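Same order as they appear, the protein sequences are chains A and B.
For the first sequence, the numbering used here gives the first residue as 1, with consecutive numbering after it.
For the second sequence, the numbering used here gives the first residue as 1001, with consecutive numbering after it.
By construction, these hints were calculated from the structure, which means they are not laboratory data.
Any given hint might turn out to be false.
As the list claims (entries may be wrong) - Derived pair list, reagent style BS3-like, types lysine-lysine, alpha-carbon separation capped at 27 Å:
| no. | chain 1 | residue 1 | chain 2 | residue 2 |
| --- | --- | --- | --- | --- |
| 1 | A | K48 | B | K1325 |
| 2 | A | K119 | B | K1198 |
| 3 | A | K119 | B | K1325 |
| 4 | A | K436 | A | K52 |
| 5 | A | K123 | B | K1325 |
| 6 | A | K49 | B | K1330 |
| 7 | A | K52 | B | K1330 |
| 8 | A | K119 | A | K218 |
| 9 | A | K49 | A | K364 |
| 10 | A | K244 | A | K301 |
| 11 | A | K364 | A | K304 |
| 12 | A | K52 | B | K1198 |
| 13 | B | K1299 | A | K48 |
If you're wondering where the values come from, they're calculated on a predicted model, not measured in any experiment.
The residues making up each chain are set out below.
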Amino acid sequence: MSELLLSRWQFGITSTYHFFFVPLTLGLSILIAFMEVMYVRTDNELYKKMAKFWGKLFLINFAMGVVTGIVQEFHFGMNWSEYSRFMGDIFGAPLALEALTAFFLESTFLGLWVFGWDKLSRKVHALTICLVAFASNLSAFWILAANSFMQSPTGYAIRNGRAEMTDFMALLTNPYLLYQFPHVLLSGLVTAGVFITAISAWHLLRQSHVDFFRASMKIGLVCTLLASLAVGGSGHLQAQMLAKAQPMKLAAVEALWETSDSAPFSIVAMIDEKNKRNDFALSIPGALTFLVHNSPMGEVKGIKAMEQEYTARYGPADYVPPVPPVFWSFRVMAGAGGLLILLALAGVWLWRAGKLESTPVLLKALLYSLPLPYIANSAGWIVTEIGRQPWIVFGLQRVDQGVSMAVDAASIWISLIGFTLVYGALALVAVSLMRKIAVAGPVDAPADAAGAAGKGATLWN
Amino acid sequence: MELNVVWFILVAVLFIGFFFLEGFDYGVGILLPFLGRDDAERRLVINTIGPVWDGNEVWMITAGGALFAAFPHVYATLFSGFYLALFLLLLALIGRGVAFEFRSKQAAPSWRAAWDTAIFTGSLLPALLWGVAVANLLQGVPIDANMQYTGNFFTLLSPYTLTAGLAFVLVFTYHGAVFISLKVEGEMIGRARSAGLKTGLAAAVACLTLVGLTYVSTDLFRSLPAGAALWGAVASFLVSYWLLRGEKYGLSFTFSGLAIVLTTLAFFAGLFPRLMVSSLNPAWSLTIYNSASSPYTLKLMTIAAAVMVPVVLGYQIWAYWVFRKRLGVKGHLEY
Chain A
1 MSELLLSRWQ FGITSTYHFF FVPLTLGLSI LIAFMEVMYV RTDNELYKKM
51 AKFWGKLFLI NFAMGVVTGI VQEFHFGMNW SEYSRFMGDI FGAPLALEAL
101 TAFFLESTFL GLWVFGWDKL SRKVHALTIC LVAFASNLSA FWILAANSFM
151 QSPTGYAIRN GRAEMTDFMA LLTNPYLLYQ FPHVLLSGLV TAGVFITAIS
201 AWHLLRQSHV DFFRASMKIG LVCTLLASLA VGGSGHLQAQ MLAKAQPMKL
251 AAVEALWETS DSAPFSIVAM IDEKNKRNDF ALSIPGALTF LVHNSPMGEV
301 KGIKAMEQEY TARYGPADYV PPVPPVFWSF RVMAGAGGLL ILLALAGVWL
351 WRAGKLESTP VLLKALLYSL PLPYIANSAG WIVTEIGRQP WIVFGLQRVD
401 QGVSMAVDAA SIWISLIGFT LVYGALALVA VSLMRKIAVA GPVDAPADAA
451 GAAGKGATLW N
Chain B
1001 MELNVVWFIL VAVLFIGFFF LEGFDYGVGI LLPFLGRDDA ERRLVINTIG
1051 PVWDGNEVWM ITAGGALFAA FPHVYATLFS GFYLALFLLL LALIGRGVAF
1101 EFRSKQAAPS WRAAWDTAIF TGSLLPALLW GVAVANLLQG VPIDANMQYT
1151 GNFFTLLSPY TLTAGLAFVL VFTYHGAVFI SLKVEGEMIG RARSAGLKTG
1201 LAAAVACLTL VGLTYVSTDL FRSLPAGAAL WGAVASFLVS YWLLRGEKYG
1251 LSFTFSGLAI VLTTLAFFAG LFPRLMVSSL NPAWSLTIYN SASSPYTLKL
1301 MTIAAAVMVP VVLGYQIWAY WVFRKRLGVK GHLEY
């Protein structure tokens, strides 16, 4: 395999892995902050217990997010150094700002939260987790500001053989960012809501810690319902924006080869990439046009037309992203999201009717829905990133122009295998630890830890 | 002052913060298997840095981000050039980072021993690699006219750079020992002190060798401030050692920290105005001019840093203040 392909695999694997943990961090930090603020306001010990229990799971997840995040930061220089040279003037700023404004805040105040229960006043302690939640989501904002530039560049000029920033505000008010950030933030809340709901369902099915998980379930369900509805709405707006910013990506999402004034929305399709057509499609006529233009008539550009346009503008190259993965990932994402909306609706409905705990079928469905947000999150990024191919920065630099020149294939093989193995092993450990804690429920101190230590059991519960 | 110079100073400040803070942090990790005789004691050693290690590590992440934003060519050349060394560094940091969190979640001795090993290795390896990296940057590495690194992983290893790696490991271990002596109560204080006295002696020898080799292998001493700072570092270290013998832990820590600060200062003063020295042709070195971002970005980042760095310092100092009390095995430590 070439350095380019290896680097792409490595980036794909490490970022998917990183983003496996990030959404839960984003959403759960907000929910834990909510629990602790409720504790301070109502004096109800149950809320404190909730913040501590979900906090334990949060910390394992957070640790994984942090250690995989360091790799991401160094990656641009290691594997994509020509990209870093070309884009550093613009891309480096949000990354440095993320560290300055968010990482410091997040890590310092998380340390204070974890170790500060008996050292800080209740209000100050609640403030620490609020700051962690704020900082986590702020760091997502900076990263997405950088990513949005790659999708749809704004506020730059090409000078001195590279892209230079001319307008920082344009970077921050990039339309792509304004649609993408809420979508990601809300996905985080969905992930956290489902996470809490699923674990609560497991316990309610077994009638263990009923009061605790009944209360948690409420928070989880309401959060899932509101956030998943909003995530659908923000996704819709994002698609409309895509029609303007990245019509090729939208066309790939729909496997729409020909430009059409009344474009159909394909539910499923057999895509023939070679001959640039669909052998079969089950579609709703006119629906795509309606989704994009809010009206039955309006042009949606097809892949072939975009290909001609790009070739004329940027010179001959292959400008069509891999269509099937983009097409199917979008459907997986939207399908998983739709399913979650239905589940959350049913859950809230039964809870209001007082029948949730006597409906094991739904509790089981809520439990088994745990993978859905994770699948949707990953699929969403596949649409975003593969749909951008062959560009690394849309219209400015192709992926093959961004790869490092000083790195040989052997080095990338070593790091690719190394990261994949270590990540895989750690994921198993993290998931099994989280499972253990989730199953044990809110206990004050793990009995086994105390037993093995003999003395000083209070050191690590 | 030119913004390029301002950013050179800011990058230096971030590295000073990083080496000062993560220095004792790594040191504590390296000492973990030696100072903690049983599980509770090892937990105690970890808890001396428990609330702060993550915040300390962000100094390195910010330094990386600052290089990217202010000197993208340095970021690109350095990180792609030192590829495998960085890969090892990242693996070490991954293992170390999760170990702090995972260690306590199972009671089996083999589980805990495995994560303690991850903390030890994950602290030793970065200390060593940073020493090697710093020495390489001073000595110069093969960089061609197109700002590309043309060596490989083994190009980075030489008697000089390995001595620097060893010196970093020993100084950080010493710095960590003094830090533990400040943070614990009871019998552990004496144990940390004697660990400090043992490693300190070895560190002093390594440092003096390193200064000698720096004289031969680099042009650092052509800069008077750099030379003065380096000798100042050696002097501070010896003062710290003498204070540790006299059981003046707070002052000893101040001087071991000062030694690290002065070493980092010497390094940056010796480099100035270069950031990466080319061993092939001095004209191909990456300087604060040919590797920098545009004036607009530099200005923007300067404003951001001027606002944020004092704020960050403020709450990090506050965090250390909150956890100022000494820790004991019998005390209650939330984890």
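Results of checking the hints against the structure:
| no. | hint | in the structure |
| --- | --- | --- |
| 1 | K48/A / K1325/B | holds (25 Å) |
| 2 | K119/A / K1198/B | violated (35 Å) |
| 3 | K119/A / K1325/B | holds (10 Å) |
| 4 | K436/A / K52/A | holds (16 Å) |
| 5 | K123/A / K1325/B | holds (21 Å) |
| 6 | K49/A / K1330/B | holds (24 Å) |
| 7 | K52/A / K1330/B | holds (22 Å) |
| 8 | K119/A / K218/A | violated (31 Å) |
| 9 | K49/A / K364/A | holds (25 Å) |
| 10 | K244/A / K301/A | holds (10 Å) |
| 11 | K364/A / K304/A | violated (46 Å) |
| 12 | K52/A / K1198/B | violated (42 Å) |
| 13 | K1299/B / K48/A | violated (45 Å) |
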